[in-house]
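**Student:** Line by line, the protein sequences give chains D and C. Going by this note's numbering, the first residue of the first sequence is number 28, and it counts up by one from there. Going by this note's numbering, the first residue of the second sequence is number 1100, and it counts up by one from there.
For the record, the hints were derived by calculation from the structure and aren't laboratory data. Incorrect hints may appear among the rest.
Below, in silico cross-link-like pairs of lysine-lysine (DSSO-like), each with a Cα-Cα straight-line distance of 30 Å or less [stated by the list, open to error]:
| # | chain 1 | residue 1 | chain 2 | residue 2 |
| --- | --- | --- | --- | --- |
| 1 | D | Lys237 | D | Lys178 |
| 2 | C | Lys1382 | C | Lys1248 |
| 3 | D | Lys225 | D | Lys67 |
| 4 | D | Lys48 | C | Lys1248 |
| 5 | D | Lys237 | D | Lys225 |
| 6 | D | Lys48 | C | Lys1297 |
| 7 | C | Lys1284 | D | Lys90 |
| 8 | C | Lys1381 | D | Lys90 |
| 9 | C | Lys1281 | D | Lys178 |
| 10 | C | Lys1248 | C | Lys1185 |
| 11 | D | Lys90 | D | Lys178 |
| 12 | D | Lys145 | D | Lys90 |
| 13 | D | Lys90 | D | Lys141 |
| 14 | D | Lys132 | D | Lys173 |
| 15 | D | Lys132 | D | Lys67 |
| 16 | D | Lys48 | D | Lys67 |
| 17 | C | Lys1381 | D | Lys48 |
| 18 | D | Lys67 | D | Lys141 |
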Amino acid sequence: MRIAELNINIDIFDLDFILLKPGDSTSIEHMGMAAQAIYKQNYGFIEDLIHTEHEVLIRLNSKFSYIDIERLHTLELDVDEERRTIEWPIYFDGADLLSVCDAVKMEKETLIQKLSGKEYRLAMIGFLPGFIYGRNLDPSLRLPRKAVPSKSVPAGSFAIAESYIGLYSLPSPGGWHCLGRMPCSVLNIPENPPVLMKLTDRIRLKPIDKMEFEYYLSQELNILDYNGLD
Amino acid sequence: MGWIEVISPGLYTSIQDMGRPGMAYYAIPRSGALDPESLRRANTILGKPADAAAIEMTILPPRLRFHSSAQICISGAGMRLTLDEKEIAYDTIYQLRAGALLGGRPAPDGGARAYLAIPGQPELPDHYGSFSSSENARLGFNQGRPLRKGMRLFWNEGINMEHEERPHPAEGMPGWKQDSIKIRKGPEYGLLDDASRKILETGVFCIHPDSNRMGARLTGPPLRLTDTLRFSVPVLPGFVQLTPSSQLIVLLNEAQTTGGYPRIAYLTDESRAAFAQIPLGKKFHFRLI
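Taking the hints into account, I'd like the entire structure generated from these sequences.
**Tutor:** Have a look at this one:
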C-alpha cells in the first residue's frame, strides 16, 4: 500500500520541513508504519525524521526538491509485515506502585494482572533517548501525571500516565507513576540502531520476581537477547 | 598527540562539531555547535575541514593549559581571550608553545559563544558520525557533560599547517550585531490570538539566565493562544514554543525531540547562529519572514 493511499496529508513549510498528518481514514498505526518506512529508505533529501502518533516531521536539507514529495507519496508500505511482540519483564516494586493502587482502588495483584493481561502497541520513541511509549492503557488505570514530578527516576523504570505505559531507559526527572523496573535494556547506545524497539512493535508485560530481576540485570541482557531475537 | 588540561572549566565548555543529524528518530538530539558559522570560520582559517570538532566556550571561557605546542584559532564572540595573560584576537592563528595558558573573561555585550579550533581531532570515539557532546544521550567527552576542572583532553595533532600569524577578517556581518531574529510561522502559529501575532513581531524579548543548550527561555510580553495542543508533536532546534506561562522558549540543539507546547514559529538556519550569540539580558525582537 502506498503512502498516498493511506490518506496521509503532507504539509510543506517553505523548504525547511514537511509535516505528515493523518487524514480522515489514516490510523495511528499507519503513521508509525509510514514513519518507519520513510526513515529506513534513508532518502538523501531528509536531514531528520521525528515521529509522534499524530504527526511526523521531516526536516529537509538543501538536496530537497518538490519532486521528492511524489517519492514520498508513492513509497510502498508493507502493511502486512509481521509485527514483533516484545516481552518486557517487569519487577513491580516501583516507588509509586502503592499510591497508584490506592488511586485506582485495586489490590497490587489485580493491578499487575490488569497491566500484564494485554498487548500494547508501541506509540512513540522519544522524548529522550530510550524512552518508549506504549498505547492504550486500560481505562481503569489512567491517571494524570504526578503533580510533583520525581527529581530522579531510576534507569529502566516502567511507568504509566494518562493512556500510556512508558519506559525510562535512563535516569531522569519523571512525572509518570513508576510501577517497576525492567532489567533488560532497550537503549543500545553507541551501537546502531541506538534503540532496539521498532515503531511497529507490540509490547507485553511479564511480571518477574526480585530474584529474576537481579539475575537478568547481572546478565546485562538487552531486550532482544531476552526475547531470543537478533 | 597533544593534550590540554582544564585548569578551570568556564561556564559551559564542551566539544562540538556539526552534530549528528538523522538521529532524532531515536530521540538522540542533534547536538553540535550552536553557532555553526563561527565554528566553520575558526576551522577554515586554521585550514581544517569546516565541520571539524572544536571546543565550544560559553560566556565565561575556560582556562586551558596546552601541554604541547599547537596552532589555534578562535572565532565567535562574547569573551575577551588571553594567551599567557596577553589579550588575543579572534579569527587569527596563534602558534602556542607547550605550556601556554589560554584564558579570558566574559565580554557580555559582544556575544555568548566562541569556538577554539585546534589542529587534528579529539582522541575520542565518534558516535553516529560526530564528536559532539550530548548530555541527554550521554555521548562524547565526559559522557556528554561539560568540562570539569582537572580533566585532560587528548587531541591528536594532525598535520602541522604552515601559516603566518595574520588576522583574517570575518566573512560577512557577524550575526550578533543584529538585533532582529528572523522567524517563520510555525505549525501552530494559527493558534495565536490576533493581538499576540502583533506582539510576536513588535515585542521586545531577552534571554533569561535559566537557559542552556536545550533551550533558551525568553522573557517578554505575554502571548496568548486561542486553543491548546492536545498531543505531543515533533520539535527541532530552532522551534519557538509558547508555554502555559505565556512566555516563549527557543529550542536549541540538546532539546527533547517531542513536546506538547505549541510551535508558533521557528528560526531560520541563519538566525539560529545569530541567536546563539545574543548575550543574556540583551533586548532583541523577531522578524517574521
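**Student:** All hints are to be evaluated individually against the structure, with a verdict given for each.
**Tutor:** For each hint, the structure was consulted:
1. Between Lys237 (chain D) and Lys178 (chain D), the direct Cα distance comes to roughly 25 Å. Compliance with the 30 Å bound is thereby established for this hinted pair.
2. Between the alpha carbons of Lys1382 (chain C) and Lys1248 (chain C) the distance comes to roughly 33 Å, so the proposed pair goes past 30 Å and is violated.
3. Simply put, Lys225 (chain D) and Lys67 (chain D) have alpha-carbon atoms about 11 Å apart, close enough for the 30 Å limit, and the pair holds.
4. Pair hint Lys48 (chain D) plus Lys1248 (chain C) does not hold up; C-alpha atoms about 48 Å apart against a cutoff of 30 Å.
5. With a C-alpha separation of about 28 Å, the suggested pairing of Lys237 (chain D) with Lys225 (chain D) holds against the 30 Å cut-off.
6. Distance restraint check for Lys48 (chain D) and Lys1297 (chain C): the Cα-Cα separation of roughly 28 Å lies within the 30 Å cut-off, and the hinted pair is therefore satisfied.
7. In summary, the hint linking Lys1284 (chain C) to Lys90 (chain D) is supported, as the alpha carbons are separated by about 22 Å, within the 30 Å threshold.
8. Between Lys1381 (chain C) and Lys90 (chain D) the CA atoms are separated by roughly 36 Å; this puts the pair beyond 30 Å, and the hint is violated.
9. About 36 Å separates the Cα atoms of Lys1281 (chain C) and Lys178 (chain D), which puts this hinted pair outside 30 Å; it is violated.
10. With a C-alpha separation of about 22 Å, the suggested pairing of Lys1248 (chain C) with Lys1185 (chain C) holds against the 30 Å cut-off.
11. As the CA atoms of Lys90 (chain D) and Lys178 (chain D) are separated by approximately 43 Å, the hinted pair breaks the 30 Å bound.
12. Distance check on the hinted pair: Lys145 (chain D) and Lys90 (chain D) sit about 45 Å apart at the alpha-carbon level, beyond 30 Å; violated.
13. For the suggested pair Lys90 (chain D) and Lys141 (chain D), the alpha carbons sit about 50 Å apart, so the restraint of at most 30 Å is broken.
14. Straight-line distance between C-alpha atoms of Lys132 (chain D) and Lys173 (chain D) comes to about 17 Å, which keeps the hinted pair within the 30 Å bound.
15. Between Lys132 (chain D) and Lys67 (chain D), the direct Cα distance comes to roughly 44 Å. Violation of the 30 Å bound is thereby established for this hinted pair.
16. A hinted pair counts as satisfied when its Cα atoms are at most 30 Å apart, and Lys48 (chain D) with Lys67 (chain D) qualifies at roughly 19 Å.
17. Taken as a hint, the Lys1381 (chain C) and Lys48 (chain D) pair is broken in the structure, with Cα atoms around 38 Å apart against an allowance of 30 Å.
18. The hinted pair formed by Lys67 (chain D) and Lys141 (chain D) fails the criterion: a straight-line CA distance of about 35 Å is larger than 30 Å.
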